[in-house]
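Same order as they appear, the protein sequences are chains U and W. Sequence positions in the first sequence follow the working numbering and run 1 to 229. Sequence positions in the second sequence follow the working numbering and run 1001 to 1291.
Simulated from the structure, these hints should not be mistaken for laboratory data. Note that the coordinates shown come from a computational prediction; the quantities given were computed from them, not determined experimentally. A hint or two may mislead.
Okay, the calculated beta carbon distance ranges per label pair [claimed, not checked]:
(1) U/Ser197 - W/Phe1222: 27 to 37 Å
(2) U/Glu127 - W/Ile1143: 15 to 25 Å
(3) W/Ile1213 - U/Phe229: 45 to 55 Å
(4) W/Phe1046 - U/Thr148: 28 to 38 Å
(5) U/Ala104 - W/Lys1224: 57 to 67 Å
For glycine and all other residues, C-beta sits at the position ideal for the given N, C-alpha and C.
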Amino acid sequence: MKQKIVLIITLCTSSFFIQAQDVNDLIDKVKQKMDLVNSYSVEAKMKTSVAFIKAPIGKVKIYFKKPDQIKLFKEKGISILPKGGVSVNFFTILNNSNLSIIDAGTTTVNGTSTRIVKLLPLSETSEIIISTLYIDEKNLLIRKSSTTTRENGSFEMEMFYGELQNFGLPSKMVFSFNVKDYKIPKGVTLDIDDDLSKEEKKKFQNKKGKIEFNYSNYIINKGIPNNIF
Amino acid sequence: MYTLFKIELYKIFKRPRTYIAFIAITALIGIIQLGLKVDGKEYISFVLGDLSNTLQINGNLCNGYFVCYCILQLLLVHVPLLIALIAADMISGEANMGTLRLLLSKPISRSEVIIGKFLAASVYTIFLLIWLAFLALIVSIFIFGTDDIFLIKNNYAVQIAANDIMWRYAGAFIFAALAMLTVTALAFFLSVFAENSIGPIVATISIIIFFTIFSTMSIPLFNKIKPFLFTTHMVAWKEFFDVKVDENNISIAGSIYRPDKIIYSAMVLIIHIVTLVSISIYALKKKDILS
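Produce the complete structure using the sequences and hints provided.
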């Protein structure tokens, strides 16, 4: 009996270590792929879809430089982004050495089989509390991520890849986040009538927000001056 | 009638009282612009309220288009009071000075007198509005620059691209002209029944204040009478600054969310103007001039 128990424990722990090792390897491989990119700039069409905001499609330019410098510019016009969300990127998350990596099984994202990897920063001051990555093991691509932050709530990113999938750079990204309910006193708006139908009001109360970035004209590893950031 | 119109215009712009309104508007807009130039960021964060806890809104939010919108919101309620100073004096002023009898003894019909005087008062109103538009829009653009406009409504926020704004202001000012002409017609109408200008000026101001309070308060009892008050329709210029969205909630450039509301309110205001001027003509025709 004792021998059986020892055998079961040995099998369980060894399989855990084998899996953990797999996940670490997987993360390392994804990191290596991402390390091919030292800097990039990209143009993007930004579609803001927040129920209570009527906004046009905007054109933005995004700059990235290792290790964690990222800047979004809208040359003309107003840009609406989830607070803190844009500053979080996979380079920052994966390059954190003080990280606990947990294998959470597999699932399918948009028809692609992915491994679920949970990343837990061990630092108590880290802005990110937990990040879940859905990694396409075959192509070493992050297809989806879900991140919970200390100050700025939770958000999800879904990535779609095109020509630059060898560099791990997406051609489209959908950023989903929660928007808190907001109410403004009438004194501010000075709007006399409030004649919206119940359906319209209900629609505006949807607290889910979505921002879609369609990327084009990537310029990779050509260097970006520090004054941009 | 054209000669009478020219004479009336000359009389209006000869009086120092006429320029009080222009000076008042200049001072008020100047104060608002100064305040927003100094503390615009604080005002914007106050307007955004809870929204800035969740979203990061970047850009020149306190730009000339936004400042102009704020000025129009504040001043289009008060400009009618300045219009009343002149329009309510058009007939009653003549009666007070004893010149109405003399005027009506000239070879010109009473209808032509009313129309000529009303047109002159309308020109003054339009000039006042053009001056307001120049200061609120052009000067604000010069001081604050341009960018998209981001407006907070009762239930939602609207962002309109900078290249989609100017035509909206043109529409808004044309609509505001209709609204102000309604006030001119009201003051003019009251002027027909008075023997001095104080009465119709105070009466016009009182009606506007009274109706505006009814229009502003969201009390079910008042809600029933709101559609019948011209003050409710005077603010429909704001509809130019709301857009339709597509199935992805992306705003459609060049669209207006509720154009029917603008048309309806414009019709109501035109009916008010025509009715008030018609009654003024009828009343003056029937009036026994004793002054």
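So, going through the hints one by one against the coordinates:
The hinted range of 27 to 37 Å is not satisfied by U/Ser197 and W/Phe1222, whose Cβ atoms lie roughly 20 Å apart. In this structure the supplied range 15 to 25 Å is violated for U/Glu127 paired with W/Ile1143, their Cβ-Cβ distance being about 39 Å. As the Cβ distance of W/Ile1213 to U/Phe229 is approximately 53 Å, the hint placing it in 45 to 55 Å holds. One distance hint, 28 to 38 Å for the beta-carbon pair W/Phe1046 and U/Thr148, holds here, with the actual separation near 30 Å.
Between U/Ala104 and W/Lys1224 the CB atoms are about 60 Å apart, so this pair conforms to the stated range of 57 to 67 Å.
When each numbered hint is compared with the structure, violations occur for hints 1 and 2.
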